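Read top to bottom, the protein sequences are chains A and B.
At position 176 of the first sequence the residue is numbered 176 (my numbering), and the sequence of numbers has no breaks.
At position 79 of the second sequence the residue is numbered 79 (my numbering), and the sequence of numbers has no breaks.
In case anyone wonders, no lab produced these hints; they're calculated from the structure.
Among the clues, some could well be false.
Subject to a maximum C-alpha distance of 27 angstroms in a straight line, what follows is the list of computed DSS-like cross-link-like pairs (lysine-lysine) [as the list claims (entries may be wrong)]:
id : chain 1 : residue 1 : chain 2 : residue 2
1  : B       : K147      : B       : K189
2  : B       : K302      : A       : K141
3  : B       : K6        : B       : K165
4  : B       : K355      : A       : K58
5  : A       : K181      : A       : K224
6  : B       : K23       : A       : K313
7  : A       : K224      : B       : K154
8  : A       : K224      : B       : K355
9  : B       : K33       : B       : K154
10 : B       : K154      : B       : K414
11 : B       : K404      : A       : K13
12 : A       : K8        : B       : K404
13 : A       : K13       : A       : K113
14 : B       : K168      : B       : K214
15 : B       : K375      : A       : K8
16 : B       : K237      : B       : K321
17 : A       : K8        : B       : K401
18 : B       : K237      : B       : K6
19 : B       : K351      : A       : K8
20 : B       : K33       : A       : K313
21 : A       : K8        : B       : K355
22 : B       : K284      : A       : K8
23 : A       : K58       : B       : K351
24 : A       : K141      : B       : K284
25 : B       : K414      : B       : K399
26 : A       : K181      : B       : K168
27 : B       : K237      : B       : K209
28 : A       : K224      : B       : K351
29 : A       : K113      : B       : K302
30 : B       : K147      : B       : K188
31 : B       : K237      : B       : K23
32 : B       : K321      : B       : K355
33 : B       : K395      : A       : K222
34 : B       : K412      : B       : K401
35 : A       : K271      : A       : K181
Being a predicted model, the structure only gives us computed values, none of them experimental.
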Amino acid sequence: MSGPWVEKYRPQKLEDIVGQKQIITRLEKYVGEGSMPNLMFTGPAGVGKTTTALALSKSILGEYWRNNFLELNASDARGIDTVRDRIKNFCRLKPVGAPFRIIFLDEVDNMTKDAQHALRREMEMYTKTASFILSCNYSSKIIDPIQSRCAIFRFAPVKGEDIAERLKFICENEGFDADDKGIETIVYFAEGDMRKAVNVLQAAASEGEAITEESVYEVVSKAKPQEIANMINKALMGDFLGARTLLRETMVLQGTSGEDMVTQIYQEVSKRVVEGKMEPDFYIELIEAIADCDFRIREGANPRIQLEALLTKFI
Amino acid sequence: MLWTDKYRPQTLDEVVGNKKEKKLIMDWVGNWKNGNPQQPLLLVGPPGIGKTTLALIIAKDFSEYIELNASDKRSQDVIKSTIGESSSSRSLFGDEYKLIIMDEVDGIHGTNDRGGVRAIGEIIKNSKHPMILMANDFYSKRLQSIKPKCTVIKMPKVRSPSIRKALKEIAQKEEVKANPKALELIAKKSNGDMRSAINTLQALADTDKVLEPKDVENLRTKDDRSDIFNAITGVLKSKNPQHVREALRVDEDPTLVMEYIAENIPREYSDKNEIKKAYENIAKADLYFGRARSSRNYGYWKYASDFMGIGVSSSKKETYKKFSKIQTPSIFTLMGRNRGKRNLRDEIAEKMTQKMHISHAVGISMFPYLEIMFKDDELAWEISDFLELDENEIKRFRKKKIPKKVINKMEKQKAQMRVEERDRRFEELQNQMMNAPEEIAIETEESIEEIPLEDNVEKEHTEEEMPIEEEPKEEADNAEDEKPKKKTDKQVSLFSF
Chain A
1 MSGPWVEKYR
11 PQKLEDIVGQ
21 KQIITRLEKY
31 VGEGSMPNLM
41 FTGPAGVGKT
51 TTALALSKSI
61 LGEYWRNNFL
71 ELNASDARGI
81 DTVRDRIKNF
91 CRLKPVGAPF
101 RIIFLDEVDN
111 MTKDAQHALR
121 REMEMYTKTA
131 SFILSCNYSS
141 KIIDPIQSRC
151 AIFRFAPVKG
161 EDIAERLKFI
171 CENEGFDADD
181 KGIETIVYFA
191 EGDMRKAVNV
201 LQAAASEGEA
211 ITEESVYEVV
221 SKAKPQEIAN
231 MINKALMGDF
241 LGARTLLRET
251 MVLQGTSGED
261 MVTQIYQEVS
271 KRVVEGKMEP
281 DFYIELIEAI
291 ADCDFRIREG
301 ANPRIQLEAL
311 LTKFI
Chain B
1 MLWTDKYRPQ
11 TLDEVVGNKK
21 EKKLIMDWVG
31 NWKNGNPQQP
41 LLLVGPPGIG
51 KTTLALIIAK
61 DFSEYIELNA
71 SDKRSQDVIK
81 STIGESSSSR
91 SLFGDEYKLI
101 IMDEVDGIHG
111 TNDRGGVRAI
121 GEIIKNSKHP
131 MILMANDFYS
141 KRLQSIKPKC
151 TVIKMPKVRS
161 PSIRKALKEI
171 AQKEEVKANP
181 KALELIAKKS
191 NGDMRSAINT
201 LQALADTDKV
211 LEPKDVENLR
221 TKDDRSDIFN
231 AITGVLKSKN
241 PQHVREALRV
251 DEDPTLVMEY
261 IAENIPREYS
271 DKNEIKKAYE
281 NIAKADLYFG
291 RARSSRNYGY
301 WKYASDFMGI
311 GVSSSKKETY
321 KKFSKIQTPS
331 IFTLMGRNRG
341 KRNLRDEIAE
351 KMTQKMHISH
361 AVGISMFPYL
371 EIMFKDDELA
381 WEISDFLELD
391 ENEIKRFRKK
401 KIPKKVINKM
411 EKQKAQMRVE
421 ERDRRFEELQ
431 NQMMNAPEEI
441 AIETEESIEE
451 IPLEDNVEKE
461 HTEEEMPIEE
471 EPKEEADNAE
481 DEKPKKKTDK
491 QVSLFSF
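Using the sequences plus the hints, can you model the full thing?
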């Protein structure tokens, strides 16, 4: 009985958090002092930003943490007005059973500059009653005034050995056999993303047999958008319209994000060059285009348009 | 007097060009005259090419005509009261027909002219009189329901040599000493609009009766905010930066125009290097639209506009001679057709957001793994239970329903675990809160326990603690034989912190 393992095995205490030792040590000091400044957690997906924020809030707020903790996702809360209203309503009340209240705002880098400026004012207004924990993938997308009001913690991708250890712990707990090769393969594909590693592990485990290199490969290839290779083939054969249609269908129907598409395309072509199915010169040309596309998407361009342009480089 | 009226052609023969169309119109008039009712005529084409002229010529063949203009407010009532009656009741005086002429049918506007399009549809249906409708934009949404009920005559722009010829004739009659070069320039700059060309001629030559090229040169091209199709055609078919700039002066969201250009690049250009170059320009335009959005500096739009306009147009070596139809971006139809699927996806993502502290995007990125996990019946049940997915949402991950047997088994297991969990938490509470103030006391079979609660705690807090107070009673009732109901499941989360 578990539901998703990513939730079941989310560390509940600061000391259980894997692979961010230095950060945790500093945060534990705040817990000891019973106060904390505004914090900003930056780093790639799946390295423990949300987990740390939750665990820290629980430790510092104590028993009644739920009443004094507000979690908002900036990219889902429709518009800054919703965010502000909810923050305002939350901060208006005095903290109950805790020294102050904590607002955890996830994916702040998805907020517009205007919204960030508004947020900054909220942060100033409630300094006495509330502390903010902001989390984002790229601190470069956060306006300076907010950055200067926060203690910034940079989360690194989780080290392979740490992921492996955690995966083994889960296997033991769930009564699964996993050979080292299998775990290694998951670690390779996870690229420092613990959430991804645990998802792959649970998916592989759900297939019923022991976790081996093969079973992991199978899961990873099944979980990939199926049409990527097909799309690339079409583009390579000069059928740009066909490739473009596949791209659009994958993004609209599967809801695959632009960043995932870029990763998939990268993995597909780099597999081909290693297997000798693609000329290195052409490959490097493509890499430049892929890298450009990746950068532009993160900068805020329309992912689909950028990917369509990327596809033309294959024809 | 306006020269456009003075020199308006009076007979079909005088009308320039449009041979096939003229024949169609003559047949249409002839049939009406023989008492043979016809569908309304719908003349479609850009302004100033002679639609009104044609209509007025046709009107001469009928005893009377009623003209409605675009500037009239066209609420249903106005249309009905002015022509509704005359259209459905024939004149008492023999079989004389009244011709109804209605201009700029596509100009009927949504809010101001509520029901206008429907009213026209009705009038067309009931009319016993000949009708001529005129419109500018063949692709206008407002024409969609009208088009099938009409004989549609599409009229092209007037070619510039024809305009020049007409201008020359008028100049002679008005005794203007016009330099042929000047006339040619006017003709070109009029962009196929005969009326504007004649008006320009009159404006420039009316007073001193002389016209030189220099008079015309500083004349701006007719400010013709073209529709989106003209804009795309301008970009794809031209290599002249000035034309491209003008073509892009449309009243549309520039990112929409970009989508249209991108859609049609591979349909128009066939050389792969041209497609690459053109699409790279689209990508750059998009980049600057993005930068404008995130920095709120809309001055960047001008760069975006040049990338997608001049950049795309100059990516081709030669203008293609072929004709390719401008198509609506397939992404819009794709998204429209799959709205249901996308809504379902977002609903699931929303549930994941609430239970798993993740954003929609991260939730959606987990779907492929969920699909694999859902192949296992028991795990499928567990996850659905955890996320509170309904049947329809479960179907997103597996085609087959979760077998009843598995559901029953899992629910029993869960009830069992709840009991254990409850005992555990109960013990914890006992140990933790022995010395807290007595406020709420509840009774259980085993012991009398004190659950301390501060009196000023908020509602959410009480909700949080409620299940613990209630459960012991419930446990006594349900004990082992009863399956827990969905509602009670929700209250106790095994995964709460």
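Checklist entry - Against the structure shown, which of the earlier numbered hints fail to hold, in ascending order? => result 1, 6, 7, 10, 11, 13, 18, 20, 22, 26, 27, 30, 31 and 32
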